[in-house]
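The residues making up each chain are set out below.
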Amino acid sequence: MTNAVALPSQRQEDWRYADIGALAKIWPLAPRENIIVPAGGNFTRTIVQEKGGVVQIDLSIGTGATAMLHILNIGGDYGRVEINANLHNGADFTLDCAQIADGEQTLELITHVTHAEGEATSRQMVRNIAGGTANVTYLGRVSVARDAQGTNSAQNVKAMLLSPQATANAKPELEIFADDVQCAHGCAVGELDSAALFYLASRGLGPVMARQMLLQAFLAEALGDDAALIAAAHEKLGALQ
Amino acid sequence: MLKIENLHATVAEKPILKGLSLTIKAGEIHAIMGPNGAGKSTLAYVLGGRPGYEVTEGSVTYAGQDLLALEPHERAAAGLFLGFQYPVEIPGVSGVQFLREALNAQRKANALPPLSGGDFLKLAREKAALLGMDMDMLKRPVNVGFSGGEKKRAEMVQMGILNPSLAILDETDSGLDIDALRIVGDGINAIMRAPDKAVLLITHYQRLLDYVRPDFVHVLADGRITRSGGPELALELEREGYVEVAA
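Sequence order for the protein chains is A and B.
Here the first sequence stands for residues 815 to 1055, where the numbers follow my numbering.
Here the second sequence stands for residues 103 to 349, where the numbers follow my numbering.
In case anyone wonders, no lab produced these hints; they're calculated from the structure.
Built from N, CA and C at the ideal position, the CB exists for glycine as well.
A hint or two may mislead.
Claimed, not checked - Stretch-level coverage of chain B by chain A, calculated; a stretch enters the list once three of its residues show a Cβ under 8 Å from a Cβ in chain A:
id : region
1  : 146-154
2  : 164-176
3  : 207-221
4  : 303-316
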């Protein structure tokens, strides 16, 4: 069974930075994965996207349930991870994602978190790195329904550009229809700190090692303590041009 | 050990060093004093190889090689240590991890085997104790959340671990209270006072020189050394001010 829909175009907001040419080669996509976390349940998944392609997951998080996603998006000419999370009363959703793009890669993360009911918490922590002429994107939408009072949502996205030709897009988007809500989002795009690089070099670390150390530190918050995920991310960092 | 000849350097195309010459021999401690804006920190950064500090004329020879031809990390491996006036905070990088990697990178460059984790921690503990610093602070992200004085102590712990042959210490005394000043002074003596090592202390004030007694004192004004003398010159400067003495 496949998605019986037309190939998206960049005129569609969720696909505006996508590599449609690469997408056409794998279109139509496999059906979206549907995950239901029952009330009071606990769900954790680690997703490593290393070959290219599109990952699409719809997540329904039941009353008082917890869901946690650790995502590493690093592979292929075009790699896209799309997560829709629907939160019921008192649910908790955490998403940590690191994306590392170099060469001519296009990598993107699209999240749509819906607080359908009240007292739920959500957090997205995203760290993006782009080198070469790569393009890395995060589109993060948070919707808070009219009756979802007591919602607490936080989004933190930082991007690091390693070359003048690399591009980072970050678009946080909030749609709030309730009034008792806390939604925070922070977004920053920068480059490696030249003062820190010189400090590390002055202690004997060569430019490659110094850069590696700063990039590992930059990603650390989004990688958590999953050793395999950290190893895969560090391997990709080591292969950066 | 270090021979600076007719050094001219610019920062953002503005001339800062204007014909500075200085020779430091092994076993010597030199102090450079001077007013704000004289070029003291520029000298430190030029010797350390900081990007943006451009040498336009002159030469620097260190241990028989052209120092200016070396990259900053190669200068470190060759035995040069730069103590920063404002040590940089590096969130997310543990001090212990950073210093072990740095030391082992230097050892590799000098064809020495890497130090094991255990041996490194033993060395780090010893040098931290010398400077009265808690090992836990060294495990934290580099300089993050340290007070001004703690940063300067941490610089000296780094110097102890890396064990350079030439230390250029840029206002290592600033931000230190009286007790910390003595500890840092004692630390510099313990780590660097040796027949095969040398120190260039850059400072505004005489007070560090009470603890680390220099063999030579130089006055840096408007990009060059205008006077040189023994330790008594520092006292004269303290008494009379830079304007009188440097003129």
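> Quick check: which numbered hints come out false for this structure?
Replying inline: Violated: hint 4 alone.
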